[in-house]
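> Each chain, written out:
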Amino acid sequence: MKTLLLALALAGLQNQNLDRVEIQTIPVQGNVYMLAGAGSNTTVQVGNDGVLVVYTQVEQLAPKVLAAIRKLSDKPLIWIVNTSIDADHFGGNDALPKLANAAVRQNVRIVAQQNVLNRMSSAPRGAEPIVPDKLWPNDEYFVPQKDMSFNGEAVVINHMPAAHTDGDSIVFFRSSNVLSVGNIFTPDRYPVIDLQNGGSVQGLINALNRILQITVPLKYQEGGTYVIPGQGRVCDEADVVEFRDMMTIIRDRVQDLIKKGMTVEQVRAARPTRDYDTEYGPNDAFLEAVYKSLSSKK
Amino acid sequence: MNRICLVAVLALIMAKPALAQVDFTGEWAPLYHEDSPERLPGPELADYLELPINDAARMRADSWEADRISVVMEYQCRPHAADYAMRGLGNIRIWRDIDQASQRLVAFHLHFLAWDSERTIYMDGRPHPGEFAPHTWQGFSTGVWEGNMLTITTTHLKENYMRRNGVPRSDKAKLTEHWMRHADWLTVVTVIEDPAFLTEPLVRSDNWYLDPGQAIGVFGCETAPEVPAPEGTVPHWLPDKNPNLHEFANWYGLPFEATRGGAETLYPEYRSKIRDYKPPAQCTRYCACLTLLGGGCNITR
Chain A
1 MKTLLLALAL
11 AGLQNQNLDR
21 VEIQTIPVQG
31 NVYMLAGAGS
41 NTTVQVGNDG
51 VLVVYTQVEQ
61 LAPKVLAAIR
71 KLSDKPLIWI
81 VNTSIDADHF
91 GGNDALPKLA
101 NAAVRQNVRI
111 VAQQNVLNRM
121 SSAPRGAEPI
131 VPDKLWPNDE
141 YFVPQKDMSF
151 NGEAVVINHM
161 PAAHTDGDSI
171 VFFRSSNVLS
181 VGNIFTPDRY
191 PVIDLQNGGS
201 VQGLINALNR
211 ILQITVPLKY
221 QEGGTYVIPG
231 QGRVCDEADV
241 VEFRDMMTII
251 RDRVQDLIKK
261 GMTVEQVRAA
271 RPTRDYDTEY
281 GPNDAFLEAV
291 YKSLSSKK
Chain B
299 MNRICLVAVL
309 ALIMAKPALA
319 QVDFTGEWAP
329 LYHEDSPERL
339 PGPELADYLE
349 LPINDAARMR
359 ADSWEADRIS
369 VVMEYQCRPH
379 AADYAMRGLG
389 NIRIWRDIDQ
399 ASQRLVAFHL
409 HFLAWDSERT
419 IYMDGRPHPG
429 EFAPHTWQGF
439 STGVWEGNML
449 TITTTHLKEN
459 YMRRNGVPRS
469 DKAKLTEHWM
479 RHADWLTVVT
489 VIEDPAFLTE
499 PLVRSDNWYL
509 DPGQAIGVFG
519 CETAPEVPAP
529 EGTVPHWLPD
539 KNPNLHEFAN
549 WYGLPFEATR
559 GGAETLYPEY
569 RSKIRDYKPP
579 AQCTRYCACL
589 TLLGGGCNIT
599 R
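Same order as they appear, the protein sequences are chains A and B. Note that our numbering has the first sequence beginning at 1, numbered continuously upward. Note that our numbering has the second sequence beginning at 299, numbered continuously upward.
Pulled out of the complex, with its shape left as it was, chain B reads as follows (with noise of 0.2 Å):
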């Protein structure tokens, strides 16, 4: 009876993972309540509230010009990189490898359902490539186990955006992910570490409930000359000439420093300098975006 008893507490102990250890497979669909307008119908042009930005980062974002994305057609199919690719069209499938000789974890596997991107999260403690390798969209990402949080460091990242309408991210920087699962929800904290365009550390948050049902079919992007344009040509706004930059703070009844961005008015305190502000009476643009291509979103101008 006795060696029944020890076998059977055996059997249990080494039922358990040797660290904690959360399972994060399955289908996970996205919450949007975070950030909505940014993430759904898409950023305003000179919105960079909320986005610890240098001045360098400022003024690369001032001469951004949208139709770049369509006149370069190098940029038409460009996935979002694995710092933004949690936060639009972030319908996600997660699976894992698991080292048959040992149990042991080695990696997790994220499909996303935009631009068909894959991103693989070694957990076997490889170290991260050398100067010289290639950067991705993706990035090289190794993840450690926090209690039952799952840390990421990823670096290698290609250039991209920290918003979609031209806040540069560098490819110096690094993403730092805290995943955190509760029950059949997801929460992940990002945090973008950028010497080239941030004062410091930008942190955000996004949110998925596991959704056995979800089909994530196939994303397909062809490139096209959609705008006549000569070669070589790269839209962009000259300094001082775009002509944008004000539509945001006057359509939100905003003041035009605020939507400048910057550490300083991340926090609460920032609100002294603003005594002035007085918000609109109602709301009357991407008031409540609750679907993906903005049905239900509030547009009267």
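Pulled out of the complex, with its shape left as it was, chain A reads as follows (with noise of 0.2 Å):
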């Protein structure tokens, strides 16, 4: 079921007209850039080292995502880093470095937590794993933070258990003072709660609020460090509270609706989003997950 649900991410996304998307380069803080337009975020960390994404996209949109990071540096790719085994994360894992190293022997490292590659070499008995072993990462971490240095600042990726999925990573660019965060905060749309994939509404709140200790805003709530989201705009720690606002406060009260024991139909009946919805849009799917989420923990 997982892989099925996979493949057809990827079926979906290589289906939308790619030739369309604008990738639009956004100076963050220090050495990092924010490539937004394509719908998910790639972060981008450059220097004398080399370079460093967060988020590949699909495979079709590499020479456009190359041509944004040649725009910013003529170095080789060495680093990739997989925030979780969301399709469209991944799927440039393979011919993004083939384009950016084409003329230099280069191998790249691709991070991933372990459950993002457990998931992707995962395989019903007999069959291919839907994502071919070319996407996989080939450095996986399986403690909750990962130390290394690159382009001459830490760069430090923590795993946040059980949050979006079971394998998100969040990683801080220490010098420049940038978080990416993945898919665990969007700003202006509700999060996915990947059940099938090992995630859960508390995990994501979490996540959340170690993404909050992690922040230090630099005057009254503002700039400081930055978050790149997996996707929209940039934000600060600011937005990210209101997000964790957001989610606690949902988590509370459909809570409180399945200990009055309400089925997920009256849950989604009593409406207890609506005051969200205007900001974060259609909540069906997030609405289940977090009642799912909620009534499988006993």
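Because the hints were derived from the structure by calculation, they are not lab data. Some hints here could point you the wrong way.
As a list, the in silico DSSO-like pairs of lysine-lysine whose alpha-carbon atoms are at most 30 Å apart [to be verified]: (1) B:539 / A:260; (2) A:146 / A:260; (3) A:260 / A:219; (4) B:576 / B:539; (5) A:75 / A:98; (6) A:134 / A:146; (7) A:75 / A:134; (8) A:146 / A:98; (9) A:292 / B:539; (10) B:571 / B:539; (11) A:219 / B:470; (12) A:98 / A:134; (13) B:539 / A:219; (14) A:259 / B:539; (15) A:259 / A:292.
Cβ-to-Cβ under 7 Å is the rule here; a few derived chain B residues that face chain A [to be verified]: (16) 375; (17) 376; (18) 392; (19) 430; (20) 432; (21) 434; (22) 435; (23) 532; (24) 571.
Keep in mind it's a predicted model, so treat the numbers as computed, not measured. Beta carbons: idealized from backbone N, C-alpha and C, even for Gly.
Make one complex out of these two single chains by using the hints.
What follows is the structure in structure tokens.
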């Protein structure tokens, strides 16, 4: 079932008209940039050592992503970080390094939490894995935190257990003071709580609280640590607070309705998210995921 | 002689700005005669009067628990956003940038007493940032002259409050201001359009007087754990559980439905729907709030 969903996601993305996608480059802070416009955001860190990319988009967008990177750096692509198993985040894992490093002999290290690799490489008995092995991470980690240094700054990768999925990572560029958080945080839409891939509402709230521990505003809750979300605009701590509050309040409301014995249909009819829907959009899948996540926690 | 006259006339013409331009430079002190109880001691809980809010805003405000600004440390030093900054603790210093080569006005700058907030209003025709740019408390502002009135458009605002009792204003909102100077008096009309929480624009006005002797000090704010609570605690009321919603209506003898706000309650025609309303015989709460800290306010309950 999980692999079928992933296959459908990949097929859906491949069917999109990607010719019209225009990649925008937004300088975030220090050595870090955000590439936006393709739906999900790609984080790029550049410097003397080379290029680090968080999210490689889908395979077909690799030329456009590379064109944007080349306006920032002519160095080889050295590191890729996959922050979750979302199909549009790792589709360029093979194509992007091939294009970027065509003129040099350079192997690329693809970092991900081990659950990402486990899910990519799992397959029903006798069947091929749904994700081809050329797209798999080759540098998976299983500890809570993986540290590295690149382009003269500390890059700290933290596992956020059972949040959007069970393999989520957030990437902190310490000198640049920028945090790339993937689909744990999407400022203008409800998050996807991917229960099939190990996500949970409480894990997502825990991850948001962890993000708030790392971020430090410059002055009066503004600036300082910038946060690159999975989708949407560049943010800072105050934006994450709004999102965390929304998630916490909706969790409490749905939990209260579950305690009253309501079914998912009754919860939907009670419209416990109606004061957030005008900001975060359609809620059917989100509300159902919150309900199921809280209902299964016994 | 004719040449001298011509030069004099040219000098007079060139001394005038190319467009009607008023200088707002100076120290401005706020006047609180409009909406005084809301702006000084602060709004009552569940007072949504005069706000054209939708059901989403009403529900969000009903779930507001005032402990949040103490318990959630990230709220403790949150400043007013540009749309609310003009309402409270609104001592302002305004100065301007003039391009030396062209003598054109490039920008106005504002410094607020509250939270040391600073704001820039660009006058050089630059575009607003794109959809992926960060949002800030003061947003991104550009101004144009309409006669002697300065009209300012502000986008890229962070989410904040429409009123300091939990009525939200979203980050999708657009703020339009009209600044008008009459000698030593400044009037600012603000118009907030918010597709998330308003059914029609919210129009308010604020006034200042020129106060050259005003000295704005450092505001300063430091977060600290004020109330013990587990990390990640977000105080709020569950739907239909807030015990304070009738407080405001009861204190002021108002029909509860009127206190719920909404566009309908803004207009005189609404009086016909509350014909049974009898105002209290005398004011007993926040009757004459004339100073910043509520001195002179008549609070009897």
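> Could you run down the list of hints and mark each one as holding or not?
Hint check results:
1. Between residue 539 of chain B and residue 260 of chain A, the direct Cα distance comes to roughly 14 Å. Compliance with the 30 Å bound is thereby established for this hinted pair.
2. Proximity of residue 146 of chain A to residue 260 of chain A is assessed by CA-CA distance (about 43 Å); at most 30 Å being required, the pair is judged violated.
3. Restraint check for residue 260 of chain A and residue 219 of chain A: the C-alpha separation of about 43 Å exceeds 30 Å, so the hint is violated.
4. A distance of roughly 28 Å separates the Cα atoms of residue 576 of chain B and residue 539 of chain B; the hinted pair therefore holds under the 30 Å criterion.
5. At most 30 Å may separate the alpha-carbon atoms for a hinted pair to count; residue 75 of chain A and residue 98 of chain A meet this at roughly 14 Å.
6. Restraint check: the Cα-Cα separation between residue 134 of chain A and residue 146 of chain A comes to about 23 Å, which is no more than 30 Å; the hinted pair holds.
7. Straight-line distance between C-alpha atoms of residue 75 of chain A and residue 134 of chain A comes to about 23 Å, which keeps the hinted pair within the 30 Å bound.
8. With a C-alpha separation of about 26 Å, the suggested pair residue 146 of chain A and residue 98 of chain A falls inside the 30 Å cut-off, and the hint holds.
9. About 24 Å separates the Cα atoms of residue 292 of chain A and residue 539 of chain B, which keeps this hinted pair within 30 Å; it holds.
10. Straight-line distance between C-alpha atoms of residue 571 of chain B and residue 539 of chain B comes to about 27 Å, which keeps the hinted pair within the 30 Å bound.
11. In summary, the hint linking residue 219 of chain A to residue 470 of chain B is supported, as the alpha carbons are separated by about 23 Å, within the 30 Å threshold.
12. Proximity of residue 98 of chain A to residue 134 of chain A is assessed by CA-CA distance (about 11 Å); at most 30 Å being required, the pair is judged to hold.
13. Pair hint residue 539 of chain B plus residue 219 of chain A does not hold up; C-alpha atoms about 35 Å apart against a cutoff of 30 Å.
14. About 15 Å separates the Cα atoms of residue 259 of chain A and residue 539 of chain B, which keeps this hinted pair within 30 Å; it holds.
15. A hinted pair counts as satisfied when its Cα atoms are at most 30 Å apart, and residue 259 of chain A with residue 292 of chain A qualifies at roughly 13 Å.
16. Checking residue 375 of chain B against chain A: minimum C-beta separation of about 5 Å stays under 7 Å; hint holds.
17. A least Cβ separation of about 5 Å between residue 376 of chain B and chain A falls short of the 7 Å threshold, and the interface hint therefore holds.
18. For residue 392 of chain B, the suggested interface contact is broken, since its CB lies about 20 Å from the closest CB of chain A, more than 7 Å.
19. The beta carbon of residue 430 of chain B comes within 4 Å of a beta carbon in chain A, closer than 7 Å, and the hint placing it at the interface holds.
20. For residue 432 of chain B, the interface hint holds, since its Cβ comes within 7 Å of a Cβ in chain A; the closest pair sits about 5 Å apart.
21. The restraint placing residue 434 of chain B at the interface with chain A holds, with a minimum CB-CB distance near 6 Å, inside the 7 Å limit.
22. Because the closest C-beta pair between residue 435 of chain B and chain A is about 6 Å apart, less than 7 Å, the hint holds.
23. Residue-level restraint check for residue 532 of chain B holds (minimum Cβ-Cβ distance to chain A is 4 Å; threshold 7 Å).
24. Interface restraint check: residue 571 of chain B against chain A, minimum CB-CB distance 25 Å, threshold 7 Å, status violated.
Going through the hint list in order, the structure does not satisfy hints 2, 3, 13, 18, 24.
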